[in-house]
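Here are the chains, one letter per residue:
There are 2 protein chains.
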Amino acid sequence: MATLQDIAVSAFINILIAFAFLLAFALLRLQPINEPVYFPKRYLNRARTSPRSSANFVNLNPWTCLTFLNWMRPAMVMSEAEIVSQAGLDSAAFLRIYTLGLKIFVPVTVIALLIIIPLNVSNGTLSFLERDLDMSNIDKLSISNVCPQSIRFFVQIGLEYLFTIWTCLMLYKEYDNVASMRLHFLASHGRRVELFTVVVRNVPRVPSQSISDAVNHFFETNYGENYVGHQGVYNGNKFAKLVRKRESLQNGLDHNQLKFKRHPEKRPSKKTGFCGLWGKRVDSINYYKKEKRDLEERMAKERQKVINDPKSILPVAFVSFNLRWAAAVCAQTQQSKNPTLWLTDCAPEPRDVYWKNLAIPSFSLSIRRIVISLAVFALVFFYMIPIAFVQSLANLDGLEKVAPFLRPVVKQKFIKSFLQGFLPGLALKIFLYLLPKVLMLMSKIEGHISLSMLERRTASKYYLFMLVNVFLGSIVTGTAFEQLHAFLHQAPTQIPRTVGVSIPMRATFFITYIMVDGWAGIASEILRLKPLIIFHLKNMLFVKTERDKEKAMNPGSVDFPETLPSLQLYFLLGIVYAVVTPILLPFILVFFAFAYLVYRHQIINVYNQRYESAAAFWPHIHSRIITGLLISQLHLLGLLSTKKAAISTPLLVILSILTLSFHKYCKHRFEPAFRKYALEEALANDMAEPDQELDQDLRGAYSHPIFQSFKAEESVPEEVESLLVNVDGR
Amino acid sequence: MATLQDIAVSAFINILIAFAFLLAFALLRLQPINEPVYFPKRYLNRARTSPRSSANFVNLNPWTCLTFLNWMRPAMVMSEAEIVSQAGLDSAAFLRIYTLGLKIFVPVTVIALLIIIPLNVSNGTLSFLERDLDMSNIDKLSISNVCPQSIRFFVQIGLEYLFTIWTCLMLYKEYDNVASMRLHFLASHGRRVELFTVVVRNVPRVPSQSISDAVNHFFETNYGENYVGHQGVYNGNKFAKLVRKRESLQNGLDHNQLKFKRHPEKRPSKKTGFCGLWGKRVDSINYYKKEKRDLEERMAKERQKVINDPKSILPVAFVSFNLRWAAAVCAQTQQSKNPTLWLTDCAPEPRDVYWKNLAIPSFSLSIRRIVISLAVFALVFFYMIPIAFVQSLANLDGLEKVAPFLRPVVKQKFIKSFLQGFLPGLALKIFLYLLPKVLMLMSKIEGHISLSMLERRTASKYYLFMLVNVFLGSIVTGTAFEQLHAFLHQAPTQIPRTVGVSIPMRATFFITYIMVDGWAGIASEILRLKPLIIFHLKNMLFVKTERDKEKAMNPGSVDFPETLPSLQLYFLLGIVYAVVTPILLPFILVFFAFAYLVYRHQIINVYNQRYESAAAFWPHIHSRIITGLLISQLHLLGLLSTKKAAISTPLLVILSILTLSFHKYCKHRFEPAFRKYALEEALANDMAEPDQELDQDLRGAYSHPIFQSFKAEESVPEEVESLLVNVDGR
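Those sequence lines, one after another, are chains E and P. 9 is the number of the first residue of the first sequence in the working numbering; add one for each residue after it. 9 is the number of the first residue of the second sequence in the working numbering; add one for each residue after it.
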């Protein structure tokens with residue numbers, strides 16, 4: 009067990025690191041050359057109003073270092089309404105998670121520190137056992153220090169009740185706020201096409217009819233004059249590949265033409281082989297022009313194929329109505345006698361559609377989901393196995409066997425020790441770096457059709473991984489698989505005891521975890537070291553035009569799949585340790601406050617959200633905090649049963665039942681606002697804005713982005729346009 | 009363990025009992041005096057066409073005994089379509105459960121008997137241990153006889169796969185059939201008011217508006233011309249009590265007037281006290297007339313109060329539309345921004361409404377549900393505790409203490425032994441007799457608003473009770489509470505082993521159970537001994553008019569809360585024992601075939617269903633058979649792991665996952681047909697029958713039955729009539 013001094017040292021180091029990051033940020037952000045990295049929004053605004061006015065000089069005034077916290081004030085002054093209108097509701101709701109954390113944990117911390125720590129210290133069992141009374145052990149501040157069968161455990165139980173009630177109260181208020189913000193957002197932001205549109209899947213294929221005719225016929229019959237038209241969906245995945253290829257060819261062409269312009273004495277040339285490393289040497293400009301021409305011919309053919317081949321029209325359509333009311337009715341009801349056909353759902357925002365997955369045949373969806381849930385289970389519990397395998401391959405004997413020619417190199421002492429010390433760790437690092445990407449890939453295989461849904465699903469998988477491998481994993485030693493084995497072969501009543509005994513022991517580990525991941529990690533977020541380096545590299549190597557520069561900027565967005573689960577882990581830690589080892593709480597408070605400031609700054613100045621889901625992630629936040637409460641109660645139950653305070657069991661079971669009932673009530677009360685659009689609300693909004701010029705908005709809103717990008721440059725194929733079929737010839 | 013001979017003896021006795029019942033039935037059903045009990049449908053038809061033609065003579069022809077199976081032929085000839093049109097879809101679907109049982113188990117029995125029994129017998133471990141080879145032990149036929157690690161277990165696993173696939177195939181076809189029968193039934197049976205109606209709960213109370221105005225305003229705004237009107241719901245529970253009281257007074261009056269008419273020399277008189285045993289003697293006719301007059305005054309006052317007091321109008325309404333389409337839309341969508349208000353749902357059939365529960369305030373519903381689920385849990389696992397308590401009170405020492413004056417009686421030897429031998433058993437008998445009533449009461453407290461839902465909920469509670477206390481209870485000895493304790497303190501991986509080892513041992517118990525409960529029990533169902541006795545008692549004592557006689561008949565209906573769970577238990581037994589001890593299967597087959605005949609006869613000739621839910625119970629049947637499959641797989645897994653055939657575990661886990669996937673698919677494919685009314689279907693039916701004279705049907709269809717009964721006899725209060733508010737003054 010670490011002592012208080014150890015923690016103090018660790019805190020000092022981490023604070024130092026955080027300050028270093030902030031100082032670096034203060035220096036770098038003032039350099040105008042870094043503006044596209046640290047203030048992309050401001051940069052874009054200026055670049056668009058007065059292009060080429062950005063002076064690329066370097067600011068070396070040392071006094072700016074003293075202003076290294078200056079960014080906090082402007083980050084705080086912007087009101088929430090402004091954030092919503094500038095950055096969208098997703099960002100505003102994301103910030104609300106941090107304020108929720110502060111609202112929950114500030115009073116909890118004060119009460120816990122004032123009541124529990126004196127209580128635990130004064131009633132020392134541990135101090136009786138040891139001689140030295142110099143408070144060297146952090147356990148003295150925790151519940152482990154209280155005598156078995158002490159009446160003081162009722163104080164702990166009372167506080168658990170109090171904290172649970174307080175947390176639930178805050179959760180309720182926040183859910184209420186976010187739900188009404190969502191309704192207000194949907195109502196106020198002009199005419200949002202997704203409210204008029206429904207995505208229909210599993211359109212049945214009838215031999216004599218095209219998909220488009222079938223959709224028209226079905227919705228004309230069932231919705232009459234409310235049906236405006238529909239947008240068919242093409243399987244454009246192959247065409248999209250060609251578009252990407254053409255883009256890279258265009259880039260090469262631009263680059264070479266620019267080169268030629270700068271140095272007209274020498275026509276650029278290249279080799280045709282892989283990466284220009286070998287093959288016949290040709291004239292670059294001619295080469296790229298020819299390649300591009302060939303590709304465009306292929307694209308035209310592919311486009312014709314996509315449009316004419318009935319098989320490339322997917323049994324999916326975006327159906328538009330002239331009233332929000334009709335779209336809400338259509339999305340919420342069962343259309344067909346056969347409930348597996350004509351599946352309707354609210355359409356995601358056009359930017360939010362994940363086009364690739366629309367091509368997945370519906371019958372494979374359920375198989376995919378089963379396979380992926382098995383895969384996630386395997387990944388969470390058995391992830392150590394492949395890593396251990398790679399590690400065993402990567403050791404020296406393995407290397408020698410696989411590649412005998414490396415033997416002389418490996419024999420050298422320095423390289424040997426480097427490989428032995430570094431390679432095994434590297435495998436784990438690479439795995440942890442790849443994990444979110446792997447989870448996202450899994451979510452994509454599951455076949456969700458919107459980016460927001462994909463990110464939410466990835467976040468829940470990642471949370472599961474963290475819960476098992478970080479929270480529980482650090483409690484029971486060994487790999488997750490060993491834990492699973494231990495839990496399966498233990499009586500169910502034994503599990504809370506095991507958890508209850510080990511959690512207080514791990515407080516110091518989590519304190520250092522919070523400081524490293526929460527404090528220094530957040531400070532590195534504001535520094536944006538990776539985007540900074542990448543931007544400057546790109547700027548030096550590839551950027552030729554202003555458009556390229558904009559592309560290289562990559563302002564990024566809130567990384568929901570990674571930040572939400574780690575946030576939820578902090579909530580879990582705070583809730584679980586509140587009554588057990590409250591000394592952990594101030595560390596969490598610092599995290600919430602600091603992260604709130606940093607993300608506020610980033611959202612106002614940097615991030616550019618890819619889509620807007622109107623805070624659709626909030627129900628997940630809510631239910632995971634409730635899960636945290638339940639874990640905390642179960643843990644206290646186990647802990648107290650080892651302290652021979654078994655009388656407490658029914659009290660805590662009642663609390664768990666009450667917590668679950670609260671969750672059920674909230675789900676019933678608020679969740680529909682995030683899943684369905686109430687008819688009353690839809691009709692009221694329809695009345696407020698009658699449907700003038702609706703067609704204009706709907707036309708092409710849901711056409712595949714590759715066709716849109718094509719449209720922007722060349723003549724639009726008539727056939728694609730005509731897909732927005734209009735019922736009464738408008 | 010019972011030997012084969014024991015089973016043969018038991019079978020002989022039970023067959024004898026069943027034959028005795030059938031003989032008694034053959035004799036009794038031919039007595040015209042019993043016609044109202046055995047053929048109430050025929051009796052009613054005749055009584056209505058030519059009253060007083062039923063000759064009350066006794067048929068004593070002994071040859072009728074030989075025709076004791078004659079009833080089977082007419083029971084078989086009626087087609088399913090006729091049954092649907094005469095007795096409703098519920099009854100037809102109920103019969104389909106038995107044919108499903110036959111379809112599943114006939115091939116399974118043949119294969120199991122042909123393959124598994126020779127396999128088990130030839131590979132005897134038990135026969136090596138014992139000397140005598142005379143096949144006295146039924147275990148020789150079961151899987152217990154196979155050597156550990158034998159390759160033959162793969163045959164068992166193969167058969168488990170085969171049986172699972174076959175069962176799923178049959179389940180799928182049957183679900184498909186029943187779902188399409190339901191759709192056809194709803195579409196074909198003329199204009200069913202419930203398809204045009206939606207029940208709305210949680211109508212918000214606005215101070216300035218009555219509930220009725222609020223409903224009108226809301227639906228006029230949101231559904232425009234599709235809204236026809238609504239029927240408010242009064243809290244008529246108090247009024248209903250008065251109606252019942254008036255009925256009994258009317259009965260007394262009729263009785264005394266009849267008495268006076270027969271013996272005009274003596275005016276009947278009675279005492280006013282309890283049951284006419286003491287008090288002042290008064291003239292009966294005058295007494296009843298006065299009492300009735302007083303009561304009617306009170307009823308008029310109560311009626312005025314109900315109609316005028318705004319508090320007695322409940323925040324519930326039956327809202328009617330002019331199109332099935334609009335009703336389907338309204339039932340399936342969220343109406344209000346606040347999802348706890350204006351909750352809409354498909355209306356139950358008018359006969360099916362359980363009026364009392366409409367008065368339950370909505371906020372108490374979730375509390376009621378939690379309380380009841382805790383109570384069901386307690387009842388299932390701790391039911392032995394109160395019984396043991398009553399039994400301990402009912403023993404002699406307890407009696408002596410509570411009632412010392414009984415001492416001389418108790419001291420007598422005969423009474424003593426009677427009490428000691430009889431009382432403890434009686435407590436359990438009374439409990440088991442009361443159990444379905446208690447479960448029904450619990451379901452009523454849960455607050456469901458339709459009888460069919462109440463019966464379904466009661467059935468699932470009863471099934472849980474049977475599963476724990478009959479199926480598992482006979483496996484692990486001791487009370488259910490002791491089992492729960494054992495399971496909680498065991499490692500989860502140990503549970504399948506415990507179950508796996510004990511199930512084959514209990515085969516003989518279940519064989520006798522099937523014979524007693526399934527064979528003799530079903531034969532007693534056709535005899536209708538209880539209704540027979542009650543009818544003749546009532547006929548002698550109370551029946552004065554033809555209407556009374558009709559009332560005394562009580563044809564009854566299929567008792568879903570009791571028959572469905574026991575049917576599901578038979579499915580479970582058959583599926584679990586199919587690969588383990590297939591000798592049990594023929595007994596189940598006999599049960600299914602015999603019960604099918606008996607219930608077919610009863611449905612055609614006797615039962616009078618109280619409501620029609622259009623086979624809404626089918627999804628439960630389906631999912632419980634799937635549960636049976638899963639239990640069977642889990643059990644085989646445990647059994648084989650004790651036989652050191654651990655290699656089989658993954659094979660059976662895969663089978664379980666496949667079974668679950670099949671269940672999920674079926675749920676997705678068919679269940680919506682039982683919960684929602686597809687818009688396409690609704691609109692097609694609307695087109696087929698345009699809305700002529702719809703108002704006529706809807707008017708008063710959902711008024712409280714007590715107001716209806718009142719209406720039939722006296723002038724209808726205008727206020728009640730006017731509750732069917734009409735939007736455009738039609």
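One thing to keep in mind: the hints can contain errors.
What the hints assert, rightly or not - Which stretches of chain P does chain E cover? Using the computed rule of at least three CB atoms under 8 Å from a CB of chain E, they are:
1) 521-527
2) 669-678
3) 683-697
In short, the hints are calculated from the structure, not lab data. Quick caveat: nothing in here was measured; it's all calculated off a predicted structure. Glycine residues also receive a C-beta, built at the ideal position from the N, C-alpha and C atoms.
key: Hints violated by the structure (listed by number, smallest first)   = 1
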